[in-house]
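S.K.: Below are the chains, spelled out letter by letter.
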Amino acid sequence: MSEIKIDDTVDITDVVCPVTFVKAKVALEELDEGQILSIRMNDGEPVQNVPRSIKEEGHQILKLDDNEDGTYTLYVKKVED
Amino acid sequence: MAFTNEQLERYSRHIILKEVGAKGQKKLLNSSVLIIGAGGLGSPAALYLAAAGVGTIGIADADEVDLSNLQRQIIHATKDVGKPKVLSAKESMEAINPDVTVKTYQTFVDSETIMDLIKDYDFIIDGTDNFPAKFLINDACVMAKKPFSHAGILRFQGQLMTYVPGEGPCYRCVFKDPPPKDAVPTCKQAGVIGAMGGVIGSLQAMEAIKYILGVGDLLTGYLLTYDALTMEFRKIKLPQHVKSCPVCGEHPTITELIDYEQAECDGVL
Numbered sequence: 001m002s003e004i005k006i007d008d009t010v011d012i013t014d015v016v017c018p019v020t021f022v023k024a025k026v027a028l029e030e031l032d033e034g035q036i037l038s039i040r041m042n043d044g045e046p047v048q049n050v051p052r053s054i055k056e057e058g059h060q061i062l063k064l065d066d067n068e069d070g071t072y073t074l075y076v077k078k079v080e081d
Numbered sequence: 001m002a003f004t005n006e007q008l009e010r011y012s013r014h015i016i017l018k019e020v021g022a023k024g025q026k027k028l029l030n031s032s033v034l035i036i037g038a039g040g041l042g043s044p045a046a047l048y049l050a051a052a053g054v055g056t057i058g059i060a061d062a063d064e065v066d067l068s069n070l071q072r073q074i075i076h077a078t079k080d081v082g083k084p085k086v087l088s089a090k091e092s093m094e095a096i097n098p099d100v101t102v103k104t105y106q107t108f109v110d111s112e113t114i115m116d117l118i119k120d121y122d123f124i125i126d127g128t129d130n131f132p133a134k135f136l137i138n139d140a141c142v143m144a145k146k147p148f149s150h151a152g153i154l155r156f157q158g159q160l161m162t163y164v165p166g167e168g169p170c171y172r173c174v175f176k177d178p179p180p181k182d183a184v185p186t187c188k189q190a191g192v193i194g195a196m197g198g199v200i201g202s203l204q205a206m207e208a209i210k211y212i213l214g215v216g217d218l219l220t221g222y223l224l225t226y227d228a229l230t231m232e233f234r235k236i237k238l239p240q241h242v243k244s245c246p247v248c249g250e251h252p253t254i255t256e257l258i259d260y261e262q263a264e265c266d267g268v269l
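Line by line, the protein sequences are chains Z and D. Mapping the first sequence onto the working numbering, position 8 (from 1) lands on 8, and the numbers just tick up by one. Mapping the second sequence onto the working numbering, position 84 (from 1) lands on 84, and the numbers just tick up by one.
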């Protein structure tokens, strides 16, 4: 997979459910259609739930990287309704 | 304006909603609502709007908290008896949500004061307990082109409707004039279940929130009635445009605000 060009980054490792998803959702709202957000999140509950919730909102999940430090980075392409 | 993590947490159940999101929450934070009457209807309305993060809330009431108010006016506590209602209400709202600016008006709302009171607000909530005030609020909102929520409660019954300028009938289209004195008992004489204020005042807060967000359908052109004893809600369709309405009709005869004589009620709502 070629390198993903990121438009914005948000770190949700400083909050807990459900604010993890809320913080990611707010960051996505700031982007334009087609732009890409990278989201750094903790292992466990966030990585299990946040990608699924974002997918349910209609956005496109591009990739999930294991940072091998207990965190993951999710790459999401914004899709407007 | 970016949200703090604390705000994201506080408003998370709003922001998660597709119909609200960050944009909707910002609309709420930038909006202003005036509540006339800090009583049975105004209490739940004020508490929910403060909790929702409506950025500026005005509250108008001339009275002080009375022990007999506490059965239904849940924004006030026993320790507040004797305190101006607007002050007690402000303290409760600010305790719930420090994001909210509360403006207090310890004044009777009459033809002299109302236009100045409503002019800076996006939406008005009529939480008053008497017909002169209800007609005054209607006429002033029609003249100032302000949306408002009307409501009334008595015994086990409640009703509400929403007026939006140009989008349906006003209160006077439906109820032409105040009823004759003593034709309708005040709730001091007749009583009211406290939770009725909770049901109807919460619906008024919901109408204000939907208006600010611009989502869903408002109670414009409808009167919603609630009978707690039969547990029936009725949504009654109203005439969409009453040409002969003396205030919002084609040839208005009411062009100045009227102070009707008020039957004794002592702010019992």
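It is worth saying that the hints were derived from the structure and are not from the lab. Be a bit skeptical, because a hint or two may be false.
[What the hints assert, rightly or not] Straight-line Cα separation of at most 20 Å, EDC-like style, residue types lysine to aspartate or glutamate; simulated pairs:
| hint | chain 1 | residue 1 | chain 2 | residue 2 |
| --- | --- | --- | --- | --- |
| 1 | D | Lys145 | D | Glu167 |
| 2 | D | Lys27 | Z | Glu30 |
| 3 | D | Lys181 | D | Asp259 |
| 4 | D | Lys23 | Z | Asp32 |
| 5 | D | Lys18 | Z | Asp81 |
| 6 | D | Lys26 | Z | Glu56 |
| 7 | Z | Lys77 | Z | Glu56 |
| 8 | D | Lys18 | Z | Asp66 |
| 9 | Z | Lys55 | Z | Glu29 |
| 10 | D | Lys23 | Z | Asp43 |
| 11 | D | Lys18 | Z | Glu80 |
| 12 | D | Lys181 | D | Asp116 |
| 13 | D | Lys18 | Z | Asp65 |
| 14 | D | Lys18 | Z | Asp43 |
| 15 | D | Lys103 | D | Asp122 |
| 16 | D | Lys23 | Z | Glu56 |
| 17 | D | Lys146 | Z | Glu56 |
| 18 | Z | Lys5 | Z | Glu56 |
| 19 | D | Lys23 | Z | Glu45 |
| 20 | D | Lys145 | D | Asp116 |
| 21 | D | Lys27 | Z | Glu29 |
| 22 | D | Lys18 | Z | Asp32 |
| 23 | D | Lys188 | D | Asp227 |
| 24 | D | Lys145 | D | Glu256 |
| 25 | D | Lys176 | D | Asp110 |
| 26 | D | Lys237 | Z | Glu57 |
| 27 | D | Lys23 | Z | Glu29 |
| 28 | D | Lys26 | D | Asp116 |
| 29 | D | Lys18 | Z | Glu56 |
| 30 | Z | Lys55 | D | Glu19 |
| 31 | D | Lys26 | D | Glu94 |
| 32 | Z | Lys55 | Z | Asp8 |
| 33 | D | Lys146 | D | Glu94 |
| 34 | D | Lys18 | Z | Glu33 |
| 35 | D | Lys23 | Z | Asp66 |
| 36 | D | Lys145 | D | Asp122 |
| 37 | D | Lys23 | Z | Glu33 |
For clarity, every value in this text was computed on a predicted model and none was experimentally measured.
S.K.: All the hints need checking, so say for each whether the structure fits it.
M.R.: Hint by hint, here is what the structure shows:
1. D:Lys145 to D:Glu167: Status holds; Cα separation ~11 Å.
2. D:Lys27 to Z:Glu30: Holds, at roughly 15 Å.
3. D:Lys181 to D:Asp259: Roughly 14 Å between the alpha carbons, so the hint for Lys181 (chain D) and Asp259 (chain D) holds.
4. D:Lys23 to Z:Asp32: holds, 14 Å
5. D:Lys18 to Z:Asp81: With Cα atoms ~10 Å apart, Lys18 (chain D) and Asp81 (chain Z) stay inside 20 Å; holds.
6. D:Lys26 to Z:Glu56: violated, 23 Å
7. Z:Lys77 to Z:Glu56: holds, 13 Å
8. D:Lys18 to Z:Asp66: violated, 30 Å
9. Z:Lys55 to Z:Glu29: At roughly 14 Å apart (the allowed maximum being 20 Å), Glu29 (chain Z) and Lys55 (chain Z) satisfy the hint.
10. D:Lys23 to Z:Asp43: violated, 29 Å
11. D:Lys18 to Z:Glu80: Distance ~12 Å between Lys18 (chain D) and Glu80 (chain Z) Cα, so the pair holds.
12. D:Lys181 to D:Asp116: violated, 29 Å
13. D:Lys18 to Z:Asp65: violated, 28 Å
14. D:Lys18 to Z:Asp43: Judged against 20 Å, a Cα distance of about 26 Å means the pair is violated.
15. D:Lys103 to D:Asp122: holds, 14 Å
16. D:Lys23 to Z:Glu56: Roughly 19 Å between the alpha carbons, so the hint for Lys23 (chain D) and Glu56 (chain Z) holds.
17. D:Lys146 to Z:Glu56: violated, 38 Å
18. Z:Lys5 to Z:Glu56: violated, 23 Å
19. D:Lys23 to Z:Glu45: Given pair Lys23 (chain D), Glu45 (chain Z) is violated - Cα atoms ~26 Å apart, limit 20 Å.
20. D:Lys145 to D:Asp116: holds, 13 Å
21. D:Lys27 to Z:Glu29: Holds, at about 14 Å.
22. D:Lys18 to Z:Asp32: holds, 17 Å
23. D:Lys188 to D:Asp227: holds, 19 Å
24. D:Lys145 to D:Glu256: Answer holds: Lys145 (chain D) to Glu256 (chain D) is near 14 Å, not above 20 Å.
25. D:Lys176 to D:Asp110: holds, 19 Å
26. D:Lys237 to Z:Glu57: Distance of about 36 Å is beyond 20 Å: violated.
27. D:Lys23 to Z:Glu29: holds, 8 Å
28. D:Lys26 to D:Asp116: The hint is violated at about 26 Å.
29. D:Lys18 to Z:Glu56: holds, 11 Å
30. Z:Lys55 to D:Glu19: Holds: Lys55 (chain Z) and Glu19 (chain D) sit about 17 Å apart, inside 20 Å.
31. D:Lys26 to D:Glu94: Holds - the C-alpha atoms of Glu94 (chain D) and Lys26 (chain D) are around 19 Å apart, at most 20 Å.
32. Z:Lys55 to Z:Asp8: With Cα atoms ~18 Å apart, Lys55 (chain Z) and Asp8 (chain Z) stay inside 20 Å; holds.
33. D:Lys146 to D:Glu94: violated, 26 Å
34. D:Lys18 to Z:Glu33: holds, 17 Å
35. D:Lys23 to Z:Asp66: violated, 32 Å
36. D:Lys145 to D:Asp122: Roughly 10 Å between the alpha carbons, so the hint for Lys145 (chain D) and Asp122 (chain D) holds.
37. D:Lys23 to Z:Glu33: holds, 16 Å
Consistency note: the structure conflicts with the earlier hints numbered 6, 8, 10, 12, 13, 14, 17, 18, 19, 26, 28, 33 and 35.
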